[in-house]
Every structure is written in structure tokens, then in C-alpha cells.
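There are 2 protein chains.
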Amino acid sequence: MPFSQILAALLALFFTLHVQAQENLPSGQRKEIISPEIHADNSVTFRLMAPNANQVSVTGDFLAQEEPAKMTNNAGGVWSYTTRPLPSELYTYAFNVDGLTVNDPNNVYYRRDVASVLNVLLVGGGQADLYKVNRVPHGTVAKRWYESPGNHMTRRITIYTPPGYEESNKSYPVLYLLHGMGGDEEAWMTLGRASQILDNLIAQNKAEPMIVLMPNGNVAQEAAPGESSLGFHKPQFQLPHTMDGKYEETFHEIIRFVESQYRTIPEKKGRAIAGLSMGGFHTLHISRYYPDTFDYIGLFSAAIMPDEKVQSKVYDRFDQTLAVQKENGFELYWIAIGKDDFLYQANADFRKKLDVMDFPYIYRESEGGHTWRNWRIYLSEFLPLLFK
Amino acid sequence: MPFSQILAALLALFFTLHVQAQENLPSGQRKEIISPEIHADNSVTFRLMAPNANQVSVTGDFLAQEEPAKMTNNAGGVWSYTTRPLPSELYTYAFNVDGLTVNDPNNVYYRRDVASVLNVLLVGGGQADLYKVNRVPHGTVAKRWYESPGNHMTRRITIYTPPGYEESNKSYPVLYLLHGMGGDEEAWMTLGRASQILDNLIAQNKAEPMIVLMPNGNVAQEAAPGESSLGFHKPQFQLPHTMDGKYEETFHEIIRFVESQYRTIPEKKGRAIAGLSMGGFHTLHISRYYPDTFDYIGLFSAAIMPDEKVQSKVYDRFDQTLAVQKENGFELYWIAIGKDDFLYQANADFRKKLDVMDFPYIYRESEGGHTWRNWRIYLSEFLPLLFK
Chain X
1 MPFSQILAAL LALFFTLHVQ AQENLPSGQR KEIISPEIHA DNSVTFRLMA
51 PNANQVSVTG DFLAQEEPAK MTNNAGGVWS YTTRPLPSEL YTYAFNVDGL
101 TVNDPNNVYY RRDVASVLNV LLVGGGQADL YKVNRVPHGT VAKRWYESPG
151 NHMTRRITIY TPPGYEESNK SYPVLYLLHG MGGDEEAWMT LGRASQILDN
201 LIAQNKAEPM IVLMPNGNVA QEAAPGESSL GFHKPQFQLP HTMDGKYEET
251 FHEIIRFVES QYRTIPEKKG RAIAGLSMGG FHTLHISRYY PDTFDYIGLF
301 SAAIMPDEKV QSKVYDRFDQ TLAVQKENGF ELYWIAIGKD DFLYQANADF
351 RKKLDVMDFP YIYRESEGGH TWRNWRIYLS EFLPLLFK
Chain L
1001 MPFSQILAAL LALFFTLHVQ AQENLPSGQR KEIISPEIHA DNSVTFRLMA
1051 PNANQVSVTG DFLAQEEPAK MTNNAGGVWS YTTRPLPSEL YTYAFNVDGL
1101 TVNDPNNVYY RRDVASVLNV LLVGGGQADL YKVNRVPHGT VAKRWYESPG
1151 NHMTRRITIY TPPGYEESNK SYPVLYLLHG MGGDEEAWMT LGRASQILDN
1201 LIAQNKAEPM IVLMPNGNVA QEAAPGESSL GFHKPQFQLP HTMDGKYEET
1251 FHEIIRFVES QYRTIPEKKG RAIAGLSMGG FHTLHISRYY PDTFDYIGLF
1301 SAAIMPDEKV QSKVYDRFDQ TLAVQKENGF ELYWIAIGKD DFLYQANADF
1351 RKKLDVMDFP YIYRESEGGH TWRNWRIYLS EFLPLLFK
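Those sequence lines, one after another, are chains X and L. Number 22 in my numbering belongs to position 22 of the first sequence; there are no gaps in the numbering. The number in my numbering is simply the position in the second sequence, starting from 1, with 1000 added.
Mixed in with the good hints there might be a few duds.
Stated by the list, open to error - Which residues of chain L face chain X? A partial, calculated answer using Cβ under 8 Å:
no. : residue
1   : 1005
2   : 1138
3   : 1166
4   : 1168
5   : 1181
6   : 1220
7   : 1227
8   : 1243
9   : 1303
Unchecked claim - Chain L stretches covered by chain X per the calculated footprint, using a threshold of three residues with CB under 8 Å from any CB of chain X:
no. : segment
10  : 1100-1114
11  : 1119-1131
Unchecked claim - No farther apart than 30 Å at their CA atoms in a straight line, the calculated lysine-lysine pairs in the DSS-like style are these:
no. : chain 1 : residue 1 : chain 2 : residue 2
12  : X       : 234       : X       : 326
13  : L       : 1268      : L       : 1326
14  : L       : 1234      : X       : 234
15  : X       : 70        : L       : 1234
16  : L       : 1170      : X       : 170
17  : X       : 170       : X       : 352
18  : X       : 234       : L       : 1313
19  : X       : 352       : X       : 246
Honestly, the hints are just simulated from the structure, not real lab data. No experiment lies behind these values; they were computed from the predicted model shown. Glycine included, every Cβ here is placed at the ideal spot set by N, Cα and C.
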């Protein structure tokens, strides 16, 4: 008997006693459960062992309808539900057992979105193949801290450097990629699959190798929840000073940081900026605060509110600075939104404003609403347009 | 009304409809629950809203006993349990509702250990203050991929570079820090709090600034579960070729990688190696496979089995190579184990073998067993001994 088998047996015994004792189920039964199971036709079976439950359902963005899908109680206390064949996508889901929302104990993959933790599931064979870790060259993903004197703190940032960066002497263009409200410097990596999309599009020669900065857009935060000196606190949706111009005012610190620390192309043609929702708002305003800095600008479901009733310093000289930005010129101003997004009308109004000014932009209207599904699609469409 | 408040309200509405609908509870009720709540005396209250449950308990390594602690059904369907004042530690826990193990929906912090996902909780005021993100200079943590021709794949690795690395021209010593069976290149970061321990000990001048490599010790794996081309597969405890000498044989690839890519001190005095359980086995054998390479060697609850019955190539010329290692000399050979560890006797036998050879080592015997609690303590004790 090889030693590794002996150790595995001893460790399994140890973990059974200490960690899994609470299952109150024969461990043999528990281990047989596969959930989720993705079938050859891309239908998916979810399973949950819950012998004492009266009603079990599954909910998630794979469902066509809003209501949770009722699961069936099979032999041995295993509840199950099989979907129709699903389009290729990264889905999130949760179970509900007699009114209690629970995660899938047979799936260790999950994502935090603000204060919710949901299991994830990837159905391949289409768009979501871009979200997979494939056998292609991989970039490096680093978590670093930079000085932000304007916010009186050291702040955490995520940095993707493309495959080959460390071995070459080349300089690379930079995309600044911004998250939405409730997000942080982790969001584009965990929910947006940014590094996988980049690795795959670069390997397919569809995107230029580039550095991607994913800063934290909440100026009151040092870092993502759990990664700062606040400890394991409950994540909040809304934080102070997220949309009052403070981020725009201090954004030059982030540009200076990357351009002093990495081999970049420190010119307009080597800079792109894009963001989702609140990050789209930030992108809009940062690009006019620094009106000769970015050649590529992407607004994904942007939280635009050109309503005169909203009072914020960030809107000062809105039209004049947009006019300056237009005058200075840029390669691409890309506006994307879903037909069902609650910000659809606000984006339509903003486009009208741009039309009146003769401000050039590309408009991409998609199905769906204010979802990570759309933001991953927008990123995968936006990247190939950059640095050409 | 500032725009950020309007957007937060709209987003909250959106998320309530799409994500939290499955709660089947008035959202006001749900939001009031705080769990876990750490009191001033370091007692902790766990709470769970489960109005339809018959029996709810909480289990975790904070309990003195093996049995889960029964929770009490209070008004409004909220179950609760309050602990005694707890020693400072990073704890894991889970709830059990009528036989079903569930995570705490009010705590977004959790850790995967092999195929189990448990919530975490940090009680400060002692040892666990080293595991906090404090307001001290922070190192950079990068996930990179290196070429492993010996294993015919590109493999993922975690690298900690100390605060100031990027701004200095200094060369730094390197600690190779190895995980146990069922672990991977994530384990020392997520369960071991390695970057927090390093940041804090370096800030306190108790540890030298150093580079820490956290490789994946399962030679059959490209990367941690979910981070490789295998996709979101079920993690396995035991993988092929973990303890048969293959890792030891190809370890020079990892040394070459870091020494060619980072400013290191590429000498024995600039190299340390340590690991837990299977990683302790790897440390023992790597340090004798490369017997003039490491000045600092740490075996944490090492999976040692000097039993003649075990057949493995890794044991070839065991005594002779240990003798060579002793002859070549080193600064520190540190063996740590808990009194209740199932590997206690194997470590005692190994120490007898070393005593017979007059092989110098330092022995540290702790309370407890084969736990991350001990491995974090061992790391925090081992680091100050390095590179003096």
C-alpha cells in the first residue's frame, strides 16, 4: 500500500470525525451525490440530500421564469431538478429548503455578490467557453496596495499582466476596468471572469496583450470586505463618496501608480477605461475630468443620470467638459446596455445629449438587463476593439 | 437626494427581486440578523433565521466538545447560541438544520478545505491578531503560472513579495511553503493566512522581509480546483504521484523559476523550506534530495513514515542522503507537532532516527492535533527564526 493511500485514509478518517460529523448521514450516501451534473445536451441536474425536508426548490439565473423550480423527492431523501438544455453561460443558483436558502453542499464553487453568496455553474459550448480556464498561456493576477494620499489611505488593487509580460521588455497598453456599486477590486475577477476572458481572447489573437487594472471604486474603502483593516464585516451596498466626484478627483493616483510601476504606453493611445453600472458612471466622468487621457472609453449599463435635479459636484461643467473631450478626440466611445435594464431610459437620454453635441459613439443594445451575464459579454466584445 | 442613494435604492430593489426572492421572508426581518456577533468579552453569538425548523445546531472548532451545540428558538424564528468567551483564533463553523448542514447566510466569509466549505470567524485580542489585515505595509500576492517540463504542464503558483519589493533593488531570501494532502497553491493563503502573518511579523520587525513561494504540491494538477482546465470539478483528497518522489524530482523547476524571475539570494543561506502534513513529508525529502540547498527546514505535523514496510522510490538511500545533508550542514531543522496528532508517533520515531545519527534539530511540541490552527501557529513561530 503506497504511503499516500495510508495518509489519505487517515486524513479522511480525521476529517470525517471533525468536519463532517454534523451531516448526520451515512457518509457513503452523501458522497454519491453529484450536483450540479451537466449532461451532454447541456441540461443540468441539481441534487440535494434533505431527507427531513417538506419542500425543496432551486432558484437561479438559469431559470426562464422568476419563480424557483420545485425539486422532486426521490428515493433515499435526494431531491432533484433537471433543467431544459441551457445556453452556454456562467450561472448562479441556490436551494431553498422549507423556506431557508442554502448553498449546494456538493458544489464548492461559489461567488460573493455584495452580501449574497451563491453557487456557480459553468455550461460550456458557446459564449462561456471564454470564461473557462483553458490550456492557453495565462497572465499573472496580482493583488497589490498603492498609496492614495488623496484618500488618506493605502488601497488594494487587482492587476492583470498578460502572458509573457515578465519575460519581455515590451511596453503594454493599459485598460482601467471599473466595478459597480457594491463591488470592489475583486468583482471583475470573481464575477466577471476578467482574467479568463483576457487569457482566451489574447490566445485567439482577438485582443491585444494588455495590462488590466481593476481598482476599488469606493473611495471610503481600503479594500474589499474581509481584505481590509475592518476585518470580516458585513458588506454594504452603499458607501460614502462613491458618486460625488471624489473618485474622479483622485483617479490620477491610480494612473501614476501603474505607469510608474509597470512597462506601459503612457500616452492616450495606450489607455482605455471601462466600467459597469456605477463604474460606467465613473468611466464617463473620469474620461471628461481627464479629457485628453483615454483613447478608448466603454460604458457598460452605465449609471448615467443627466437629470438636472441631481445635485453633485461631479456634474459641474458637464457639457463644457464633454465638448472639450470631443474636441480632443478619441478612438472609441462605446455605450452598451440591455433592453430590460432599469437604466435604459437614462442611457437613451444621454445618447440624445451626445447626438445634439455631435459627440461620436458606438451603441450596442443587448437583450437582458443589469446583470453580470451582460457585463461579461460586453467585456468580451469591447476588448477586441482596443489598441488597434 | 444624491444620485448614489437613488442608484442604491434602484439596485437594492433589483437585487431583492432577482436574488433574494427565494428567502420567503420579510426582508426587514432578515436584515436585522447579525451572525456571528463577537461580544466585548470574546464570547460569540451565532444566529440563524429558520422559522420552520425543528432542531438547529452549530458546529465548529470553537467548541470544546465534539458534539454540535444546540441552538435555541427565539421569537420570530431566529435560532441562537452564545459561546463562552473564546481564545483568540480563526474559527470555522457551520449550522445544522434538521439534519442538513448549511452555511451562515449572514456571514459572507468562508473557506474551502478540500471539498468542504465552512464559514470563518476571527476572534482577536491574541494570537489571531496576526491573522488580521492590519494597517501595516502589505506585500503583493500574485498568482502566476510556471513551466514544468518534468510534469508536462504549465502550473499555477502563489507568490508573496514583501512590502517594498517593487520599489527597491534589494535581493530577498525565499521561503518555499508547502501545503498538505487535499490542499493546493491557495491553501496557505486562504486557510493559513500566510500573507497576513507575513505582513504583520515583518511590520513588527520579528521576521525578515522575504519572498514566499506557495507552489501546488500535487504534481498531477495544473492548479487548484476550479482554477485549471478541469473546470469546476469536485475536489479530491488523493491525487496520483503526490508522495512517490515525483514532486521532489521536479522541485528544481520551482527554484529555477523564482530565482530567474525575482531578485533572490540564490544561495543556501537565502533559502528556507517548510510544509504541513504531506508538505512536511515533501520538505523532509526535498531537503535531502537537494542536500546542500536549504539552510532552514521546517516540518509542521509532517507525514513521516519511516516504516520499512512502505515501498516508495522516495525512500531510496534515505539514511545515506540524510547523512549527506547533515554533513553539508544547515542553520535550522525545525520539527513541530501537536500532542494529539495522529502522526505524533511517526514523528517521535523519526526523531529517534535523527538522534541515532546525531542529526541536529529543534523540536516544538504543541497542544492539539492535525489542524490549521496549529499550522498557523507554527508558521508564526518559524518565520522569526529565518534568515538571521
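Results of checking the hints against the structure:
1. Using the Cβ-Cβ criterion of 8 Å, the hint placing residue 1005 of chain L at the interface with chain X is satisfied: the shortest such distance is roughly 7 Å.
2. Checking residue 1138 of chain L against chain X: minimum C-beta separation of about 4 Å stays under 8 Å; hint holds.
3. Against a cut-off of 8 Å between C-beta atoms, the interface hint on residue 1166 of chain L holds, since the closest Cβ of chain X lies about 6 Å away.
4. Proximity of residue 1168 of chain L to chain X is violated relative to the hint, the smallest CB-CB distance being about 13 Å (cut-off 8 Å).
5. Hint on residue 1181 of chain L holds. Least Cβ distance to chain X is approximately 6 Å, under the 8 Å limit.
6. Given hint, residue 1220 of chain L at the interface with chain X, is violated; its Cβ is 11 Å from that chain's nearest Cβ, farther than 8 Å.
7. Using the Cβ-Cβ criterion of 8 Å, the hint placing residue 1227 of chain L at the interface with chain X is satisfied: the shortest such distance is roughly 6 Å.
8. A distance limit of 8 Å between C-beta atoms decides the matter here; for residue 1243 of chain L the minimum to chain X is near 4 Å, and the interface restraint holds.
9. A hinted interface residue such as residue 1303 of chain L counts as satisfied when its beta carbon comes closer than 8 Å to some beta carbon of chain X; here the least separation is about 5 Å, so the hint holds.
10. For a cut-off of 8 Å, the count of residues in the segment 1100-1114 of chain L with a CB near a CB of chain X stands at 13, and the three-residue condition holds.
11. Given a C-beta distance limit of less than 8 Å, the hint that chain X covers the segment 1119-1131 of chain L holds, as 4 residues qualify and 3 suffice.
12. For the hint pairing residue 234 of chain X with residue 326 of chain X, the CA-to-CA distance comes to about 42 Å; that exceeds 30 Å, so the pair is violated.
13. A hinted pair counts as satisfied when its Cα atoms are at most 30 Å apart, and residue 1268 of chain L with residue 1326 of chain L qualifies at roughly 14 Å.
14. This hinted pair checks out: residue 1234 of chain L and residue 234 of chain X have alpha carbons roughly 29 Å apart, not beyond 30 Å.
15. Proximity of residue 70 of chain X to residue 1234 of chain L is assessed by CA-CA distance (about 25 Å); at most 30 Å being required, the pair is judged to hold.
16. As the CA atoms of residue 1170 of chain L and residue 170 of chain X are separated by approximately 23 Å, the hinted pair is consistent with the 30 Å bound.
17. For the hint linking residue 170 of chain X to residue 352 of chain X, the alpha-carbon distance of about 41 Å lies beyond 30 Å, and the restraint is violated.
18. The suggested pairing of residue 234 of chain X with residue 1313 of chain L is violated, with an alpha-carbon distance near 51 Å, which exceeds 30 Å.
19. At most 30 Å may separate the alpha-carbon atoms for a hinted pair to count; residue 352 of chain X and residue 246 of chain X meet this at roughly 27 Å.
Checked against the numbered hints given earlier, the structure breaks hints 4, 6, 12, 17, 18 and satisfies all the rest.
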